[in-house]
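S.K.: The residues making up each chain are set out below.
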Amino acid sequence: MTLDLSLLPDGGVNWLDASGDHSGIVLSTRVRLARNLEGFAFPGRARDGERLRILARVREAVEGSPHLRRNLLVRVDELGSEDRLLLHERHLISKELAGLDTQHPVRSGAAVFLGDGIGVMVNEEDHLRLQTLRSGFNLADAFADMQRIDEELGERIPFAFHEEFGFLTSCPTNTGTGLRASALIHLPGLVLTKEINKTLAGLQQIGFTYRGLYGEGSEVVGNFFQISNQTTLGRSEEEIIDKLLQVLSTVIAREEEARRVLLRDAGYIIEDKLWRAYGTLRYARSLTFDEAMNFLSGVRLAVGLKLITGLSVYTLNKLLIFSQAAHLSHAEGRLLSESEANLARARYVRQALAAEVGM
Amino acid sequence: MLCDSCKERDAVVQVTQVTDPPVRQLNLCEKCAAERGIETHVTMPKQPLADFIQAVQQKQLLAGSESWRCTFCNSTLRDFRNTSRLGCAYCYGAFEVKIRDLLRGVHGTSKHQGKRYHPPAQVVEEGASVATELRTRLRRAVEQEQFEEAAKLRDQLKVME
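Heads up: the protein sequence lines correspond to chains H and F, in order.
So in my numbering, the last one in the first sequence is 359, and the numbering has no gaps at all.
So in my numbering, the last one in the second sequence is 1161, and the numbering has no gaps at all.
Some hints here could point you the wrong way.
Said to hold, decoys possible - As a list, the in silico SDA-like pairs of lysine to any residue whose alpha-carbon atoms are at most 20 Å apart:
{"hint": "1", "chain 1": "H", "residue 1": "Lys194", "chain 2": "F", "residue 2": "Glu1035"}
{"hint": "2", "chain 1": "H", "residue 1": "Lys318", "chain 2": "H", "residue 2": "Leu5"}
{"hint": "3", "chain 1": "H", "residue 1": "Lys273", "chain 2": "F", "residue 2": "Asn1027"}
{"hint": "4", "chain 1": "F", "residue 1": "Lys1111", "chain 2": "H", "residue 2": "Leu5"}
{"hint": "5", "chain 1": "H", "residue 1": "Lys243", "chain 2": "F", "residue 2": "Gly1114"}
{"hint": "6", "chain 1": "H", "residue 1": "Lys194", "chain 2": "F", "residue 2": "Leu1026"}
Said to hold, decoys possible - Calculated Cβ distances over 10 Å to all of chain H for the following chain F residues:
{"hint": "7", "residue": "Cys1003"}
{"hint": "8", "residue": "Lys1115"}
{"hint": "9", "residue": "Asp1155"}
Quick caveat, the hints were computed from the structure, so don't treat them as lab data.
Where a beta carbon is used, it is the ideal one built from N, C-alpha and C, also for glycine.
Let's have the full structure, built from the sequences with the hints guiding it.
M.R.: Structure, rendered in structure tokens:
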């Protein structure tokens, strides 16, 4: 099976369009639910045949669901590793489903139903991982979309549910609501003013946590933090969403304040630093991924501070995704070595910036 | 570039002092930065959840119960300790006491406060339910290579037919 992302509206990256609230700071908002079917072992324990039957049951339910029936089924287990990495880089499937984790090679029956901002992963750590994705800071809509698809699937296939424990999941850290809501948020102001560790420690004290750009187990690059609830049991879904909304609003306000302080007290130093980042991206001939992420973080901050004008957040968002290794290989139509990818990345970034702001 | 403070080691961090004007830029080595309470990188705080699970799994959770077995998926509490994952939804019943303690430790409670859920009614042919159940178990036993169990189930099915 080959992957044809052109079948998806906007290649599945509508969430990059920077249309949501606070899109200069919040890249995207995501809600995910973990669900399992009654009567089957969890994917890690199930046999090949069993996982294929699970997929068949889910497919039937998806086809009957008004909000999911137009989603595109991608059999992840039939894709080559480059295409699986491409979907992962696009934030459409998790590392585990993509089989990129050495601990969890790709499983038979691993699949995803992709739609506009709505995805259903099958045979991940749990039978079902439902996710909704919105541009900018938009928890309310991401959660409303999620409630609809959870309802529509739950009335077609029986989910494993326990009166006391709630929805049952493979790892007890997800039991209960199975809900993890998060925002991918850019916090260079808090990093530069050295306030970040205090902010993150504060989050953890009140039951929230953070991860890197790709979720669980990933490193923080380019000052992007994925902030989410840590516990899933003991609070209702609405309480979890409300609390996260408050927490994120506070973090956004702190970031804005940090940016004001930077500009007020260290204006020319910051300005110099950010223009240097821009200059490097405009003219460098080779860029590693981490370098690109860090300079893009600087340029993003410069755009937020209105030091650089004429460059859209949408373009910067696209650069984050399309300058990754599998995307560069995909664009070139062949597998690139690391050094070739660094050259291709620098070229791609130069061209994208030149196209937007002129030569 | 040498550290502005000790003038000995290489500077690894550039610090912009904005607390006491005029604004100054300092280049510091890791040691001098640490002495000023400046971290040279964003530290990943420990994952309290993962640490907790690990501690629980290694100690009281499994004491004397490692060989407990779920009759549905055949996994044991030892498997859970090794993978941090349960084998199936029925494990929650099979290891209920232990799981309740674990959930309380991880989430502070074991009581779900969120959405209540009622699965859709399954269409079951009248009189066929016992045989269907036995066939499901037989299929599962074969898939899991539990051949003794499979033989027993096949005998029961033969009696019924």
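S.K.: The structure should be examined with respect to each hint, and the outcome stated for every one.
M.R.: These are the hints, each one checked on the structure:
In summary, the hint linking H/Lys194 to F/Glu1035 is supported, as the alpha carbons are separated by about 15 Å, within the 20 Å threshold. The straight-line distance between the Cα atoms of H/Lys318 and H/Leu5 is roughly 15 Å, inside the 20 Å bound, and the hint therefore holds. A hinted pair counts as satisfied when its Cα atoms are at most 20 Å apart, and H/Lys273 with F/Asn1027 qualifies at roughly 14 Å. As the CA atoms of F/Lys1111 and H/Leu5 are separated by approximately 42 Å, the hinted pair breaks the 20 Å bound.
A C-alpha spacing of about 14 Å is found between H/Lys243 and F/Gly1114, which places the hinted pair at or below 20 Å, so the restraint holds. The suggested pairing of H/Lys194 with F/Leu1026 holds, with an alpha-carbon distance near 15 Å, which does not exceed 20 Å. Distance check on F/Cys1003: its Cβ is at least 18 Å (rounded) from any Cβ of chain H, clearing the 10 Å threshold; non-interface status holds. Residue-level check failed: F/Lys1115 sits 6 Å from the nearest beta carbon of chain H, not beyond 10 Å.
Here F/Asp1155 stays apart from chain H, with its beta-carbon at least about 23 Å from theirs, past the 10 Å limit.
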